[in-house]
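Asks: Single-letter residue listing:
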Amino acid sequence: MTNIRLYFPKIILTFLLIFLLTGTELSLLIQHNALTYKAFETVTVQQNLDEKAYTALESYFQSRSNSTGIPADVYLDAVTQEDMKQGILSSISKAFAYLQHDDESYAVTMDFTELEKSVTEFFNQYAEENHYQKDEIFNQKVQSSIQEAEEKILYTADTFKFGTIAEHGWLAKIRSFLDIFRKIMTGLYICTGVVLILLILCCKNKFSELFYWLGLTGIISGLLISSPCLYLLKTDYFSAFVVKDIQIYAAVTGYLNYITHLISTAFIITGLAGIVFLLLFSVMQKITNQKQTTAE
Amino acid sequence: MADKKNKSAVPVYLLTGVFLLILCIAFCIAVLIKPYETAQTYLNIIFMDQSMKIAPSSGLDGLVIKENQIETTPVSDIPENEQNFYDEGEIIRPVFGEQYAVLKCDAISLSVPVYWGSSAELLERGACQSSSSVVVGEHGNSVIDAHVNTFFADLNQLKAGDDIIIYTNYGIFTYQVSEKIQFLNTDKKYVLPSVDDRLTLYTCEAQVLGTSDSRIGAVCTLVSRQFYHPAGEGNES
Numbered sequence: 001m002t003n004i005r006l007y008f009p010k011i012i013l014t015f016l017l018i019f020l021l022t023g024t025e026l027s028l029l030i031q032h033n034a035l036t037y038k039a040f041e042t043v044t045v046q047q048n049l050d051e052k053a054y055t056a057l058e059s060y061f062q063s064r065s066n067s068t069g070i071p072a073d074v075y076l077d078a079v080t081q082e083d084m085k086q087g088i089l090s091s092i093s094k095a096f097a098y099l100q101h102d103d104e105s106y107a108v109t110m111d112f113t114e115l116e117k118s119v120t121e122f123f124n125q126y127a128e129e130n131h132y133q134k135d136e137i138f139n140q141k142v143q144s145s146i147q148e149a150e151e152k153i154l155y156t157a158d159t160f161k162f163g164t165i166a167e168h169g170w171l172a173k174i175r176s177f178l179d180i181f182r183k184i185m186t187g188l189y190i191c192t193g194v195v196l197i198l199l200i201l202c203c204k205n206k207f208s209e210l211f212y213w214l215g216l217t218g219i220i221s222g223l224l225i226s227s228p229c230l231y232l233l234k235t236d237y238f239s240a241f242v243v244k245d246i247q248i249y250a251a252v253t254g255y256l257n258y259i260t261h262l263i264s265t266a267f268i269i270t271g272l273a274g275i276v277f278l279l280l281f282s283v284m285q286k287i288t289n290q291k292q293t294t295a296e
Numbered sequence: 297m298a299d300k301k302n303k304s305a306v307p308v309y310l311l312t313g314v315f316l317l318i319l320c321i322a323f324c325i326a327v328l329i330k331p332y333e334t335a336q337t338y339l340n341i342i343f344m345d346q347s348m349k350i351a352p353s354s355g356l357d358g359l360v361i362k363e364n365q366i367e368t369t370p371v372s373d374i375p376e377n378e379q380n381f382y383d384e385g386e387i388i389r390p391v392f393g394e395q396y397a398v399l400k401c402d403a404i405s406l407s408v409p410v411y412w413g414s415s416a417e418l419l420e421r422g423a424c425q426s427s428s429s430v431v432v433g434e435h436g437n438s439v440i441d442a443h444v445n446t447f448f449a450d451l452n453q454l455k456a457g458d459d460i461i462i463y464t465n466y467g468i469f470t471y472q473v474s475e476k477i478q479f480l481n482t483d484k485k486y487v488l489p490s491v492d493d494r495l496t497l498y499t500c501e502a503q504v505l506g507t508s509d510s511r512i513g514a515v516c517t518l519v520s521r522q523f524y525h526p527a528g529e530g531n532e533s
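For the record, the sequence lines run as chains A and B.
Each residue of the first sequence is one higher than the one before, counting from 1 in our numbering.
Each residue of the second sequence is one higher than the one before, counting from 297 in our numbering.
Each hint should be verified, as a subset may be incorrect.
[To be verified] Here are the simulated DMTMM-like cross-link-like pairs (lysine to aspartate or glutamate), alpha carbons at most 20 angstroms apart as the crow flies: (1) A:Lys141 - A:Asp179; (2) A:Lys141 - B:Glu501; (3) A:Lys152 - B:Glu420; (4) A:Lys141 - A:Glu128; (5) A:Lys183 - A:Glu82; (6) A:Lys141 - A:Glu114; (7) A:Lys152 - A:Glu82; (8) A:Lys134 - A:Glu121; (9) A:Lys141 - B:Asp373.
[To be verified] Example chain A residues on the side facing chain B (calculated, C-beta under 7 angstroms, incomplete): (10) Ile18; (11) Gly69; (12) Ala72; (13) Phe177; (14) Leu216; (15) Ile220.
Since the hints were derived computationally from the structure, they do not count as laboratory data.
As the structure is a prediction and not an experimental result, all values here were calculated from the model.
Beta carbons are placed, not taken as given, at the ideal position from N, Cα and C, and that holds for glycine.
Whole structure, please, built from the sequences with the hints as guidance.
Replies: Encoded structure:
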């Protein structure tokens, strides 16, 4: 800190750099790690969402059989856990296709051929056994039972609630926001680069000091973000999520924990990098001092 | 000399770091405090495990649902010296949407909260008693219904002679199934006021094809009324 004239500009530049670096790092994490198909697929596998969704479906059809009189097996024999997994993954991929402008609308479909066959067979058998005339009402009942079951299966497979989000118009808003977000990211990179260049220029007379300011930037940025993230993970904050649909609960809390873990890890690494920079600075200082002492 | 100069700079380096850290934390707090205060209520709702949470969009606006803790210890389990019951006593009249009783039937493993009044939201939570019928404990017909796909799924398995016990905060009322009934939803004869003290339970008939117009249930005759407090004494519970 030989030049007091540059001391305050360096503090201001470091202060700006801390937030710019934090913003850049967060936006990179969100764009390349958190808001990706891969992240949601990982949570699906980690949380066994297919199994949970299938259990929820079993429970629903078993409970419904009391009022409809249609045995749960009529539906469950035609839908497997693997079908649910494909349904969950399909809902994720369709959501990302929409967000990335590959599709112009969000719509998820599953293959219900087996289900339609199973329900139709059950009703035909029921009608024959009870001498029920297959009239228009009968056909309507078959169709409504199939439709209701299909809707329920699609709803259960939509563990991340992309359907609900799209229904309320929020998916379209997220898509527009992501478009703006990409522009903001470009701005962030430019600002970070400019501030970094200015800091380098301020440190050109004593280059080793650049490591000190970069070290501070890394440590403070790391502390600012990793501390609250670690608090959230340590207190298991997300487990208090209110939704009790087991598959939705697991999907949402699993995803929130996944991104919190990801962000905390990234910022702990940032903090460690800051420590390395500070160590480098102290080593360089020592070497410079030794050289000066020798010269004297 | 260079070493001495370097040592004197160490506190400056340290203090600069601390100063920057405090400055950044203060800045974060200043920037985030307002959005946090705005979001706090929502965060508390989203991340608070409330088993009886009422979603704003669930159509419950204006309906106040009140849950009550009701003692359901069977009379046989109450020590004899504490069995101070009265044949006539004070009735606590519930308000619409209040859970005022627990209906139990060991024969079909039934234990269901009973709400005063009937609405789709209340039927999701338990059995409902029509407010046009008499409160359990009063003389006349108490009519209780629930969904066949939830609480009254096994109502058709009731047999004549099965005991039905209703626990309230003012007493315990025991009924016995006297008649199994089936009637059309347009037929009101079982839900109309009666001269005798009875309990009428009913639900929809489960049917595969279409919504059922038929109702099934049971008429139960009063066996005993055991009030916690005698008439005129008031009831503090």
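Asks: Mind checking the alpha carbons of Lys141 of chain A and Glu501 of chain B for me, to see if they're no more than 20 angstroms apart?
Replies: Given pair Lys141 of chain A, Glu501 of chain B holds - Cα atoms ~17 angstroms apart, limit 20 angstroms.
Asks: Would you check the hint for Lys141 of chain A and Glu128 of chain A, treating anything up to 20 angstroms between C-alpha atoms as holding?
Replies: holds, 15 angstroms
Asks: Sort out whether Asp179 of chain A lies within 20 angstroms of Lys141 of chain A, counting only the CA atoms.
Replies: violated, 45 angstroms
Asks: Regarding the hint that Phe177 of chain A lies at the interface with chain B, is the smallest CB-CB distance below 7 angstroms?
Replies: Nearest chain B Cβ about 16 angstroms off; hint violated.
Asks: Taken at face value, is the distance from the CA of Glu121 of chain A to the CA of Lys134 of chain A at most 20 angstroms?
Replies: The given pair, whose Cα atoms are some 13 angstroms apart, holds under the 20 angstroms limit.
Asks: Does Lys141 of chain A pair with Asp373 of chain B here, judged by a C-alpha cut-off of 20 angstroms?
Replies: violated, 50 angstroms
Asks: Against the 20 angstroms threshold, does the CA-CA distance of Lys183 of chain A and Glu82 of chain A hold or violate the hint?
Replies: Between Lys183 of chain A and Glu82 of chain A the Cα gap is close to 39 angstroms, so the pair fails against 20 angstroms, i.e. violated.
Asks: Quick one, is the Ile18 of chain A hint okay against chain B at 7 angstroms, beta carbons?
Replies: At about 6 angstroms, which falls below the 7 angstroms cut-off, the nearest Cβ of chain B leaves the hint on Ile18 of chain A intact, so it holds.
Asks: Hey, Lys152 of chain A versus Glu82 of chain A, does the alpha-carbon distance stay inside 20 angstroms?
Replies: Since the Cα atoms of Lys152 of chain A and Glu82 of chain A sit roughly 16 angstroms apart, the hinted pair holds (cutoff 20 angstroms).
Asks: Would the hint on Ile220 of chain A stand, with a C-beta cut-off of 7 angstroms toward chain B?
Replies: Holds - the Cβ of Ile220 of chain A comes within 7 angstroms of chain B, reaching about 5 angstroms at its closest.
Asks: Would the hint linking Lys152 of chain A and Glu420 of chain B be met if the CA-CA limit is 20 angstroms?
Replies: holds, 19 angstroms
Asks: Hint validation: Gly69 of chain A versus chain B, beta carbon distance must be below 7 angstroms. Holds or violated?
Replies: holds, 4 angstroms
Hints 1, 5, 9, 12 and 13 from the list above are not met by this structure, while the remaining hints are.
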